[in-house]
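Participant: Residue strings, one per chain:
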Amino acid sequence: MPKNPTSESETSKIRRFETGATGGFATTRPTAAMPGGTTGRFLVLLREGATDEGATTIEKRTGKKLTAATKALSTLGIESEQRPEGILFETLGVAVVESPPEEIQGVMAEAAGESSPILHVEPERYVYALAAPTLVPAPLEEEEPVLPAQPAATPFEYLLGYRDAVNHVVARVIDRSGAVEELEGIPVTAALTETQFTWGLQVTRVPSSHFSGKGVRVAILDTGMDLGHPDFAGRNIVSQSFIAGQPVQDGHGHGTHCIGTSCGPRQPGILPRYGIAFNAEIHVGKVLNNQGSGTDAQILAGIEWAIRNKCAVVSMSLGAPAQLGQPFSPVFEHVGRRSLAAGTLIIAAAGNDSQRPQDIEPVSHPANCPSIMAVAALNRNIHVSFFSNGGLNPNGGQVDIAAPGRNVRSSWPRPMMYNTISGTSMATPHVAGIAALLAEAHPQARGLALWTLVTQHARHLASPSRDVGAGLVQAPQ
Amino acid sequence: MAKLNVTVSIQDEHLSQFPEVVDGMKKNGFEVDQELKSLGVVTGKIDSEKVHALRGLKGVGKVEESRSYQIAPPESEIQ
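Chain order of the listed sequences is A and B.
Under my numbering, read the first sequence as residues 1 to 477, first letter to last.
Under my numbering, read the second sequence as residues 1001 to 1079, first letter to last.
Hint data in this document are derived by calculation from the structure and do not stem from the laboratory.
Hints should not be assumed to be uniformly reliable.
Below, simulated DSSO-like cross-link-like pairs (lysine-lysine); rule was C-alpha separation at most 30 Å, straight line [stated by the list, open to error]:
1. B:Lys1026 - B:Lys1050
2. B:Lys1037 - A:Lys310
3. B:Lys1037 - B:Lys1027
4. B:Lys1037 - A:Lys214
5. B:Lys1062 - B:Lys1027
6. B:Lys1003 - B:Lys1058
7. B:Lys1062 - A:Lys310
8. B:Lys1050 - B:Lys1003
9. B:Lys1027 - B:Lys1050
Partial list, derived from the structure: chain B residues whose beta carbon lies under 8 Å from chain A [what the hints assert, rightly or not]:
10. Thr1007
11. Gly1029
12. Leu1036
13. Ser1038
14. Gly1040
15. Thr1043
16. Gly1061
17. Glu1064
18. Ser1066
19. Arg1067
20. Tyr1069
21. Gln1070
22. Ile1071
23. Glu1077
Calculated from the model, a selection of chain A residues having no Cβ within reach of chain B, i.e. all distances over 12 Å [said to hold, decoys possible]:
24. Glu85
25. Ser116
26. Pro476
Ideal Cβ positions, reconstructed from N, Cα and C, are used throughout, including at glycine.
Same shape as in the complex, but just chain A (with noise of 0.2 Å):
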């Protein structure tokens, strides 16, 4: 962050530096400082160990002379007549020039040589300090950084804008596929736009799997499913009622919801894809009534349905609140356990009561059996989502690990059809999908072995594993 000029002399230079915005160039073109907006010079790369060749072939093709970076940098911030035509940063094998489009169209050409020392020229950016996170919770948190109106203060802030620029540089020569931006180490496209797939199957490198849960049975607990949806079409689905008096048919949306994410078609009838595991056979058991209550009766009764038609995965985004201290339910330990053995794999929501920072409540019951697998929600920002419960009871009630949760689009009962929500019962779904691919892809792994294979492949946060578990889930390649 830029520091505040605290003596007169650095103030003077600043100013001086500000309107001479041009960073110690020779002015010729100013150009308006707006995000994206470039200077008027060129950036251009040079092949490593053709530095010097490089910098002749730039001096011959644009007339201006480069001017060695350590004694260019003592002419930034500070008015002079002789300010340099292009500055040559040696180790980093780039230069900076100014001139007019057609002498550079010049250096481009060089490029196009096998043997040329000129790898890429690009316009160089003004770049900003980004505004510092506010630590109020959603909507805030998950927003694009912002980008304030006015460059860099001072040379130092000016010189990063530089290096910035140049890793861009690199980044897009040696990449070959555009500007990446990194979320947490985790490539995304630049504002995860959703027109293809929905940001939640991007970051969990779901559109590049080569699985699809062929041959795996995922059950999804909660309150049925729009049968009719025509997005499932076709589709294998096996369901039961557990709640008496009601046929499966979803009058509340939640569970076409979860069905959706975990399960969903390959190519929707509106896109963007918002379903992992399209060949999975789908199994939807009612323990939910349209209210959206249920007991644990009927949960209990959904779970051995589950394990009875040989399920691998059962997705339940239900629970109860836990306190903190309280002890987990040894009669659904004894169950998780026994799914586990039995080859299933149980997977609950953390539950959605907390309002971080301020308030962080325990992992929900079931989810807080050490043998049932508890999901949090993250971000788009790949932050914990503030509802989301951490891992705070000591034996068991952890969290396993994390999933997309926040405005999460996906399946909804006709005629809404799709519905975007938030919650750890998204996330959950997000797990239970890629479990199904992970159980594909090893036919041999059910059960625990599963389990630890979904934990294995997650991508590790910087978050802590209160929050996140083993961290944000990914599908198999």
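Given chain A, work out where chain B should sit, using these hints.
Facilitator: The following block gives chain B in isolation, referenced to the frame of chain A:
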């Protein structure tokens, strides 16, 4: 005398005698709702005063009061 909804786990080592264990529970006032053999769990009702005795029966593991679950309404932003 209040009747409680309970879930009961059967001890692993007695799972092969599941029917006998359940019979023993019935004799002690347990009203069976579901027998979930794959889970080793029985759900049902019993007088609150008889829970303690139930826990002492051969093959009976843990006895817990049944919970209720409630998710947020469909129009909620966070579910």
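Participant: Indicate, hint by hint, whether the structure satisfies it.
Facilitator: The hints, checked one at a time:
no.	hint	in the structure
1	B:Lys1026 - B:Lys1050	12 Å, holds
2	B:Lys1037 - A:Lys310	14 Å, holds
3	B:Lys1037 - B:Lys1027	19 Å, holds
4	B:Lys1037 - A:Lys214	29 Å, holds
5	B:Lys1062 - B:Lys1027	18 Å, holds
6	B:Lys1003 - B:Lys1058	22 Å, holds
7	B:Lys1062 - A:Lys310	26 Å, holds
8	B:Lys1050 - B:Lys1003	10 Å, holds
9	B:Lys1027 - B:Lys1050	11 Å, holds
10	Thr1007	5 Å, holds
11	Gly1029	18 Å, violated
12	Leu1036	4 Å, holds
13	Ser1038	5 Å, holds
14	Gly1040	6 Å, holds
15	Thr1043	4 Å, holds
16	Gly1061	6 Å, holds
17	Glu1064	5 Å, holds
18	Ser1066	4 Å, holds
19	Arg1067	5 Å, holds
20	Tyr1069	5 Å, holds
21	Gln1070	5 Å, holds
22	Ile1071	4 Å, holds
23	Glu1077	6 Å, holds
24	Glu85	56 Å, holds
25	Ser116	56 Å, holds
26	Pro476	28 Å, holds
Against the hints set out earlier in the document, a violation occurs for number 11 only.
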